[in-house]
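J.: We have chain A; now place chains B, C, D and E with the ligands onto it with these hints.
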Amino acid sequence: AGDEIVIGAPVSLTGPFAGDGKEQEWAYKQAVADINKAGGIMIKEAGKKLPVRLVIADDESTEAKVASAIENLVKVQKVDILLSTHSGPLNVAGAIVAEKYKKFYMITAAFPFEWQPLKMKYSALFFFHPGPGAEVPFEIWQKLPENERPKRPALVTEDSPDGKGFGGAFEAAAKKYGYTFAFNDPWATGSTDYSAMITKLKAADADAMLVFGSPADTVTLIRQMKELGFSVPYFHGWKGTWTGEFHDALGKDSDYVLTDGFWSASYPYNGAKELGERYEAEYKKDSVTVGAFYANAQVLFQAIERAGSTDAAAVHDAIFNQEFKDTVVGPLKFDETGFALIPSVATQWWEGKHQLLFPNGTWTYKPAPAWDKR
Amino acid sequence: MANVSWKWAAALLTIILALVPFWPGAIDSYLLSFLFFVFIYAVMAQGWNLVAGFGGQISLGSHAFFGLGAYTTAILWSGNYLWGSLYETFPRIYYFDPVTMVLSGLVAALAAALIGLPLLSKLRGDYFALGTLGFGEIVKVIFVNGGDFTGGAFGVIAPSSTFETLMPHYWTGLGLTVGTAVAIGWLMRSRYGLALIAVRDDEMAASANGINTLKVKVAAFAGSAFIAGLAGSLYSYYIFHVGPDSVFNLDWMLLPLMMTVVGGTGTILGPVLGAFIMYAVFDVARIIVPDYHPIISGLTIILAMLFLPKGLVRKILPMSVARN
Amino acid sequence: MLEVTDLEVAYGDVRALWGVSIHVDAGSVVAIVGANGAGKTTLLKAISGLVPAKRGEIKLSGTSLLGRLPEDIARLGIAHVPEGRGLFRQMTVLENLELGAFQPKARANMKRALEKAYDLFPRLKERTGQKAGSLSGGEQQMLAIARATMSEPSLLILDEPSIGLSPLVVQQMFQLIEALHKQGVTILLVEQNIHQALKIADYAFVLKTGELAMQGTGAELIADPEVQKAYMGVLEL
Amino acid sequence: MTLPSPEILLQLSINGALGGAMYGVAAVGLSLIFGTMRLIFLAQGAMIILAAYLVRALFQHLGIDPFLSLLIMVPVGLVAGWLIYQGLFRKAAAEEDRNISLLIAVGVMFLVQNLMTVIWGGNTAAVVTTYTASGIELLGVRASFTRSMGFLIALAGTALVVLFLRKTLVGKAVRAASEDMTAATLMGISPHKVNAIAFAIGIALAGAAGVAVATTFPFNPFAGFIFSLKALVALALGGIGNVTGALAGGIILGLIEAYTQFFISGGWTNAIAYGVFLAVLMFKPEGLFSRPYKKA
Amino acid sequence: MQSDETVLSLEAVTKRFGGLVVLDGIDMVVGRGELVGLIGPNGAGKSTLFNVMTAIYAPTRGKVRFKGNDITGAAPHLICRHGIARTFQLVRTFLTMTAFENVMVGAVYGSGGRVRHAREAAETALDLVGLGAKRDVTTAHMTLSDRRLLEIARAVASEPSLLLLDEPMAGLNPTEIRQMVEVIRRTRSEKGISILWVEHKVDAIMKVCSRVVVLDHGVKIADGTPAEIVANRKVIEAYLGEPVA
Ligand SMILES: Nc1ncnc2c1ncn2[C@@H]1O[C@H](COP(=O)(O)OP(=O)(O)OP(=O)(O)O)[C@@H](O)[C@H]1O
Ligand SMILES: Nc1ncnc2c1ncn2[C@@H]1O[C@H](COP(=O)(O)OP(=O)(O)OP(=O)(O)O)[C@@H](O)[C@H]1O
Ligand SMILES: [Mg+2]
Ligand SMILES: [Mg+2]
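Protein chains in written order, with my numbering: chain A, 1 to 374; chain B, 375 to 698; chain C, 699 to 935; chain D, 936 to 1231; chain E, 1232 to 1476.
In case anyone wonders, no lab produced these hints; they're calculated from the structure. Treat the hints with care, as some may be off.
[To be verified] From the derived model, a few chain B residues whose C-beta atoms are all more than 10 Å from chain A:
# : residue
1 : Trp-382
2 : Leu-387
3 : Gly-430
4 : Leu-588
5 : Ile-613
6 : Arg-660
[Unchecked claim] With a Cα cut of at most 27 Å, we get these calculated DSS-like pairs of lysine-lysine:
#  : chain 1 : residue 1 : chain 2 : residue 2
7  : A       : Lys-37    : A       : Lys-22
8  : B       : Lys-684   : D       : Lys-1219
9  : C       : Lys-897   : E       : Lys-1438
10 : C       : Lys-829   : B       : Lys-496
11 : E       : Lys-1365  : C       : Lys-906
12 : A       : Lys-175   : A       : Lys-151
13 : C       : Lys-823   : E       : Lys-1465
[Said to hold, decoys possible] Some residues of chain D that are not near chain C, with every Cβ distance over 10 Å (derived):
#  : residue
14 : Phe-1002
15 : Gly-1022
16 : Lys-1026
17 : Leu-1090
18 : Leu-1104
19 : Phe-1160
20 : Phe-1198
21 : Gly-1210
Note that beta-carbon positions come from the ideal geometry of N, C-alpha and C, so glycine has one too.
The following block holds chain A by itself, in its conformation from the complex (with noise of 0.2 Å):
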């Protein structure tokens, strides 16, 4: 190190997850852009401000690669201390290469069911749980006047890691709210043809979903619902439905559907609304996601400064049981095992637009009429 702090990220720049890392990488660089503009990070020892430097790898969106990439990263490029890459396999493998090489890894984007049992020392999470974040329908639901509450909720998730997860989730918070689901069944990622599940949705009558899926499955499954004349007052969905092109490849048929996030430029954290305006200038678009990448550089740039140097020990003493008051996903308060809860947020989409939900939005829930009356 010496006169910069150079930290590495691996970040899905191609593969299935390049979407995402693509945000993920705006974020980061956005962050590191603001720390030097405002002269760096202080550190007390060397008695100065030191500049950041951000190296990016490419993990190529597989598991194998995030290690060779931090590998990499810490062999070639020599970076101090790194950021994380993108969903939970990818930050699991990247966070036992990075405790190998004692150089601390600050993620979020992983599950804690994922990263915990690991009882990793130098890397830290904050993220929301699958637990709390699937409460969310139900304390949506609750708010409602009892004749709109849904009677014969449907779950629906894709086959993946996060979608088992997920679907474990929603059964426990359906028991604890009194729910039981009237129908319950996993697809295939990348299915093509819904027409028999929603011969069979049709046929158990539901009436509201919970979807764990994909942008492009969900979609599909969408439309596939519309031109079977299937629709249900209540939709929400996770993961496939906050992006931007969601909406852009349903159009209006979007609206009245309810989508989850990590954050929302609506947050009255100092800081969220202009980051938001910056990513809409940029794109064109909004986002759910770039505020928790952003904070992840944040809570690492005032770890870093608290503990006076990269050194992964000293890091891990800045974050562990500690709390941080000023990110623009708000508050974090991490406990003694590194793990930090965020809320989950929900939203609605309304002509193009996420109108905050829950928590504490301002935007009062509209269900969704039969395809025909709209």
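T.: Chains B, C, D and E with the ligands alone, transformed into the frame defined by chain A:
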């Protein structure tokens, strides 16, 4: 004569590779992890070469056996299923336990034998290739739906706290690379090798001359799966998380296949050479042009196939030597 | 009509022909005989472009054939029945015959050629819808020859047409060659059945390990004691 | 589970068949290329997605209706297929080792996938028209309009290819060259030309499939591989090298998936589909529709 | 004719492909040390008969007995280990192997795996056919005639009691034919192997064989000494076309 000098060259290369870790600073260099991955791919390539190069049965299912090996190790290692965590009782002994590795190979080999018997007795050529491809997909779906035992779609996590250095991985990788090459070299000189080549050259004539062709083919298929299982086990010791999307990824089949062909199918040195060169090309491209490197990889494959269709080893060695 | 001068052909490092010169006059039947591996097939393949020549010249009615693709040479009017027949085994007898008349020039006369072929080989007419691969060895050979006649070639090249045929069919086959000859087709014939071949040949060449050993009219060679001793000696068992 | 009503069965069958035709049309292209070059053209799915992106570009920038763009995509596909063969596969086609062509196909797949990522980004793309997600009545059952159109495209494409192969001499030459290249050359058939024709038609079919995909599904650069795999399954069901069989195989696969989704679980569709695939390969390797043929 | 001396016997062997009857109730025996010729027009079913005997095809009906054991439909490699070796109408050598390696396959596997004496058996077999000098040549580079001889050597190396030859002389010139006849004779006399030999070179068959069987359209139409066969009207009509000198 040429034969002998190539053996010396291979031996010399082995010695150099064995000395790499003793080079000052080598342990902290990227070279070790680079070579570690080369070894994994070389072992996979060698395994594919056994059944496809020498046996003439093009298999497109080696990723399934890689994954089976990886899962076996991870499941035994995480130890929640059979007899409690061996690892927690004997962390030092259990780490890199050769018994688990061999077991992983055996599980893969057993699966190969079971599926190989019907596939190889019924299917030839392209049909067999397609069948193995389908088998790979089925295994993946089974593991995704395997419940707690396979960890479902997320997979299995093994405890990683003893992972402090890459050295055991490097040595094991080197050992497997050299070991499989020597073992296959020896095998091909044995009566079994004679039968394998006979079956590849002309199956009907082979059976008319007393060779149980099914047995020979299944053995080669299982042997190749055993090798893939070992590679999967080693990978599992490195990555600590074994999930269906990662270990049943088609890349584990396509890349070794490509490396073998680039190096020289049906030769002993080819797969190793191919793994080294292709992995180097991919890695360098990834570092130099991170946004575009798969384009470069795609181009490299195409160019290599257009200009080196017989493989490097045959390009630089006379045919008769290359075969041994 | 066909003029091969000083032809050299090699498979990799292995030389198969060492400067061979032959000529085929229009309307004649020319036989090439020689032991196995003498290079007869190689010579035919070089003529129809299946193997490249290393040195020398091949001319058909004054046009050089060197460097041309086999399909182009076929279009110039050479029909080659290869060793091993080269049938399309998954296609029917009829389709095989139709493909024999694939070249634009021959397509126009396909109907007539087909009738002629069926006249010569009534056995094929019976099996017109059967897949070629399910014919017996002999039937397949008939089909291969019939197919070659479909393009009404100016030069017909036959590589061991009597291989695997029963004596009765061999006789028919040679009668057929004579018949084609009478129709004015020029024929270049490689045969193991040397006696028969020389009997119908106007002129013949003897190849020996890649070199021309002898040449002369069929009658001359039959009479030649050398030839008799080396290649035709009645079996002394 | 009790047997569902006839309406539901009809509903399942029609939608399954419509969905399966998409695999079918991809499989017809594969079948043709496989038949002539003995090449598993793994990049076919990527080519279909590339075509879908082009359809989208034509629609967004020039306002050309996706179904109308068939008139552009098919000729462009013909030319592109011809060029791809001449540029990339011509040399490898002459090699005995068929792995070489397979690997070139893999290289093409990597290349095309990542080119698309560089040009259009990795996110999901889609085409939205006035008829997107609209339904029609078919035999008293609701069905997707775009899927029905896709079905028609698949049917028409296959019919044209079959007519070409069975009835024209050039089509027969394509079949002949696929069996014995040397013998075909001796007939005056240029094997490279027929290979190029097979490739051209194969890619033209990918172009047509691209239209069907673009109007029905959202897609991303990596969405093609699953199409390649499913098309392979369809190919095997129909009998390798059998063009009509390939379409029928696709439809059967679509039905299998629909029934599995309905009667068992959506999570098992792939396992069952591949299981059926293995069973067919083993017990009826020549496919469901052809009679056995073997010669010692 | 069935006796202790019978090596092979076929009982009413019938083979159908779809509707096509290729073999129709063939009865036939080969005695110990006998050299039997099998002739017949193209498509008579000779190769198919071999394929039935070596279990490449299962017969539609009928039995194949070898040394008294019913071997109908046993696996091809077991047939070889029982002691029936064969050559093919279209030569099938292992092209990437040397001549010696080819023969070793027969020696090692054909005899049921007695490795120790396999080398010796292979050398002897190569010498028997006169290919000793070419033992290290890769067979892809050998001539047709050498590959035919090699196939015989490979078969002999498995130390069979019965050898099936499918047109070993097709495509050979008279010099080579003489050499081949010599090899076939020696195989019988030196090794005591019974031989069933399909051939269109009728003069060679007639001069060498002690007995000749004639097939036509899947039916056995004659079985007797060469002299009887040459004089047989049916045979002449179906096959020979003209009397052979
Ligand atoms: N593809 C090839 N590669 C290498 N050598 C070859 C090849 N084809 C033929 N030869 C060699 O060339 C020489 C001539 O072979 P060719 O086939 O022309 O002989 P031929 O006279 O037709 O013999 P036959 O009577 O057996 O058909 C032989 O020594 C043969 O081994
Ligand atoms: N697999 C098969 N399917 C259908 N018909 C077949 C099959 N194999 C052989 N035949 C038919 O059986 C008949 C006998 O064929 P076979 O090859 O046994 O004849 P052959 O006596 O060996 O003739 P040749 O002397 O020409 O080699 C032929 O009419 C052939 O068309
Ligand atoms: Mg020849
Ligand atoms: Mg025969």
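J.: Please write out, lowest number first, the hints stated earlier that are contradicted by the structure.
T.: 5, 6, 8 and 18
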